[in-house]
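Each residue of the sequence shown is one higher than the one before, counting from 1 in UniProt numbering.
Take these hints with a grain of salt, some might be off.
Simulated DEER-style distance windows between Cβ atoms [to be verified]:
1. Ala52 with Pro205: 26 to 32 Å
2. Ala95 with Gln172: 31 to 37 Å
3. Gly204 with Gly83: 29 to 35 Å
4. Arg6 with Pro80: 30 to 36 Å
5. Thr215 with Lys82: 28 to 34 Å
6. Leu21 with Ala95: 36 to 42 Å
In the EDC-like style, the derived pairs of lysine to aspartate or glutamate whose C-alpha atoms are separated by at most 20 Å in a straight line are [as the list claims (entries may be wrong)]:
7. Lys82 with Glu143
8. Lys82 with Glu167
9. Lys82 with Glu128
10. Lys82 with Asp207
11. Lys82 with Glu103
12. Lys82 with Asp64
13. Lys82 with Asp116
Calculated directly from the structure, the hints in this document are not laboratory data.
Cβ atoms here follow ideal geometry from the backbone N, Cα and C, with glycine treated the same way.
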Amino acid sequence: MTADARIAATATALAARIAALSPAAPRRLVAIAGPPGAGKSTLAAAVTAALAARGEQAVLLPMDGFHLDNRLLEPRGLLPRKGAPETFDFEGFAAMLTRVRSEARVILPVFDRARDIAIAGAAEIAPETRIVVVEGNYLCLDEAPWRRLSALWDHSVFLDVPLAELERRLVQRWLDHGLAPDAARARALGNDIPNARRVVAARGPVDCVIGRDGTIR
């Protein structure tokens with residue numbers, strides 16, 4: 001089975017699980033979490049598409065819109081650690097998720113990777129939306145304050161990928177961004193891999209874990 005076929009099969013299986021959930025509120029919130037390079041964005045998009053194919057009103061909501069801006073990170077000495085848990089607006093993100101639970105329409109920020117900034121008011125959750133697929137590294141992190149999010153999820157998914165494979169993917173990601181091999185490796189090992197180790201070590205309880213081969217357990 002090709003990688004694309006494996007992702008599609010996993011997404012279809014997850015979509016069936018999610019569609020069968022009995023929501024505790026008018027909307028179901030689904031967390032797809034895992035370390036950097038695990039494939040969260042790809043799977044979350046595939047799950048959202050699979051839900052739509054079932055006739056569900058589903059929207060993808062990445063956590064990255066709540067990155068703190070470089071103008072705040074630099075004076076705090078956090079710019080080299082951008083992407084770590086402490087470089088996000090957790091309280092703003094948590095408040096937004098609470099609003100998504102209870103309000104018909106919610107306007108969202110979106111992260112523009114090309115410009116490395118969050119764009120305010122760039123997306124929305126519409127009144128007809130019934131399932132919100134939330135994607136991000138720290139959605140199931142068992143650290144304060146992130147563990148507070150666990151009460152919001154109707155279903156939580158964690159992607160489990162070996163560290164060596166994450167390193168390979170993350171180095172390739174920076175190569176694809178135009179960095180030289182040494183710089184790409186330094187960028188991945190200096191920030192991305194420490195964040196990955198932290199996510200894996202402090203994983204909180206989840207409803208299911210997806211292995212590298214797409215197996216759901």
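Results of checking the hints against the structure:
1. Ala52 with Pro205: 26 to 32 Å: 29 Å, holds
2. Ala95 with Gln172: 31 to 37 Å: 35 Å, holds
3. Gly204 with Gly83: 29 to 35 Å: Violated - the Cβ-Cβ distance for Gly204 and Gly83, about 19 Å, lies outside 29 to 35 Å.
4. Arg6 with Pro80: 30 to 36 Å: 35 Å, holds
5. Thr215 with Lys82: 28 to 34 Å: Since Thr215 and Lys82 have Cβ atoms about 33 Å apart, the given range 28 to 34 Å holds.
6. Leu21 with Ala95: 36 to 42 Å: For Ala95 against Leu21, whose Cβ atoms are near 24 Å apart, the range 36 to 42 Å is violated.
7. Lys82 with Glu143: 18 Å, holds
8. Lys82 with Glu167: OK: Lys82 and Glu167 at ~17 Å, within 20 Å.
9. Lys82 with Glu128: 34 Å, violated
10. Lys82 with Asp207: 29 Å, violated
11. Lys82 with Glu103: 31 Å, violated
12. Lys82 with Asp64: Holds, at about 11 Å.
13. Lys82 with Asp116: Cα-Cα ~10 Å, so holds.
Of the numbered hints listed earlier, those contradicted by the structure are 3, 6, 9, 10, 11.
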